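Asker: Single-letter residue listing:
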Amino acid sequence: MNAAQALADLVEVSSQIESAVLADGSGAVLASTLGDEARAQAIATEARGLLQGAAGPAGEPTQVEVAFHEGCVFVVTDGERLVAAVTGRDPTAGLVFYDLKTCLRLSAEEAPAKKAATSTRSRRKKAAEPEAADEA
Amino acid sequence: MKRRLAAGLVALGSLLGALAIWRRRSGAGKDHADVYFADGSMVSFAEGSDEAARLFPIARRILAQARS
Numbered sequence: 162m163n164a165a166q167a168l169a170d171l172v173e174v175s176s177q178i179e180s181a182v183l184a185d186g187s188g189a190v191l192a193s194t195l196g197d198e199a200r201a202q203a204i205a206t207e208a209r210g211l212l213q214g215a216a217g218p219a220g221e222p223t224q225v226e227v228a229f230h231e232g233c234v235f236v237v238t239d240g241e242r243l244v245a246a247v248t249g250r251d252p253t254a255g256l257v258f259y260d261l262k263t264c265l266r267l268s269a270e271e272a273p274a275k276k277a278a279t280s281t282r283s284r285r286k287k288a289a290e291p292e293a294a295d296e297a
Numbered sequence: 053m054k055r056r057l058a059a060g061l062v063a064l065g066s067l068l069g070a071l072a073i074w075r076r077r078s079g080a081g082k083d084h085a086d087v088y089f090a091d092g093s094m095v096s097f098a099e100g101s102d103e104a105a106r107l108f109p110i111a112r113r114i115l116a117q118a119r120s
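From first to last, the protein sequence lines are chains C and X. Taking this note's numbering, the leading residue of the first sequence gets 162, the next gets one more, and so forth. Taking this note's numbering, the leading residue of the second sequence gets 53, the next gets one more, and so forth.
If you are wondering where the hints come from, they were derived from the structure by calculation, not from laboratory data. Treat the hints loosely; a few may be bogus.
[What the hints assert, rightly or not] Taking lysine to aspartate or glutamate pairs in the DMTMM-like style, the calculated list, with each CA pair at most 25 Å apart, reads:
id, chain 1, residue 1, chain 2, residue 2
1, C, 262, C, 239
2, X, 82, X, 99
3, C, 262, C, 241
4, C, 262, C, 173
5, C, 262, X, 86
6, C, 262, C, 179
7, X, 82, C, 179
8, C, 262, C, 231
9, C, 262, C, 251
10, C, 262, X, 91
11, X, 82, C, 251
12, X, 82, X, 102
13, C, 262, C, 185
14, C, 262, X, 83
15, C, 262, C, 197
16, X, 54, X, 83
17, X, 82, C, 231
18, C, 262, C, 198
Predicted model only: the values in this text are computed from it and were never measured.
Using the sequences plus the hints, can you model the full thing?
Answerer: Next up, the structure:
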């Protein structure tokens, strides 16, 4: 799966994510949900800086969440790539992190990626179905 | 009538006070940064800490870029 497809899937499954940028280890943009390339690059560079700025004795972090009253910023890295996302106020952080890690994994995978994306969606659908049935 | 009004005001004041204490203790609405490491450890930085002062401006720039 390519980076753009992984990011498109991410935004499709996660209603909490407003926008996201996928970048390589150097901070170069691989894909973005923003129309503007310059803004996407600026976010990727800042996300790289956020990870470096948060580094401690244990090294560079793998995940960072910065929560403000007006919204939240999430950055997740697998060491080779990073994905940065912006959400509204009070998101379900665990779910956002899970979706971002899935996006990173899918963007790095080739053949098995399609299967994984399908199973993720099926799971979500199945989880949503009982709710829909309850509402009906 | 006056006694009932006074009792109502006291009750309302108590409720607002309890709500303010609960919000302060739960940290609701507070800006913070949660940092997770590969070894499973996590550190949370609240507003006012040196780390927050370093990370918040970067995150604010990301928010601004994403929403501009």
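Asker: Next step is simple, just say for each hint if it's right about the structure.
Answerer: The hints, checked one at a time:
1. 262/C / 239/C: holds, 8 Å
2. 82/X / 99/X: holds, 7 Å
3. 262/C / 241/C: holds, 12 Å
4. 262/C / 173/C: The hint holds at about 15 Å.
5. 262/C / 86/X: holds, 16 Å
6. 262/C / 179/C: Given pair residue 262/C, residue 179/C holds - Cα atoms ~16 Å apart, limit 25 Å.
7. 82/X / 179/C: holds, 21 Å
8. 262/C / 231/C: holds, 24 Å
9. 262/C / 251/C: holds, 19 Å
10. 262/C / 91/X: OK: residue 262/C and residue 91/X at ~16 Å, within 25 Å.
11. 82/X / 251/C: Satisfied, since the Cα-Cα distance of roughly 11 Å is no more than 25 Å.
12. 82/X / 102/X: Cα-Cα ~16 Å, so holds.
13. 262/C / 185/C: holds, 14 Å
14. 262/C / 83/X: holds, 24 Å
15. 262/C / 197/C: The given pair, whose Cα atoms are some 24 Å apart, holds under the 25 Å limit.
16. 54/X / 83/X: Given pair residue 54/X, residue 83/X is violated - Cα atoms ~43 Å apart, limit 25 Å.
17. 82/X / 231/C: holds, 11 Å
18. 262/C / 198/C: holds, 23 Å
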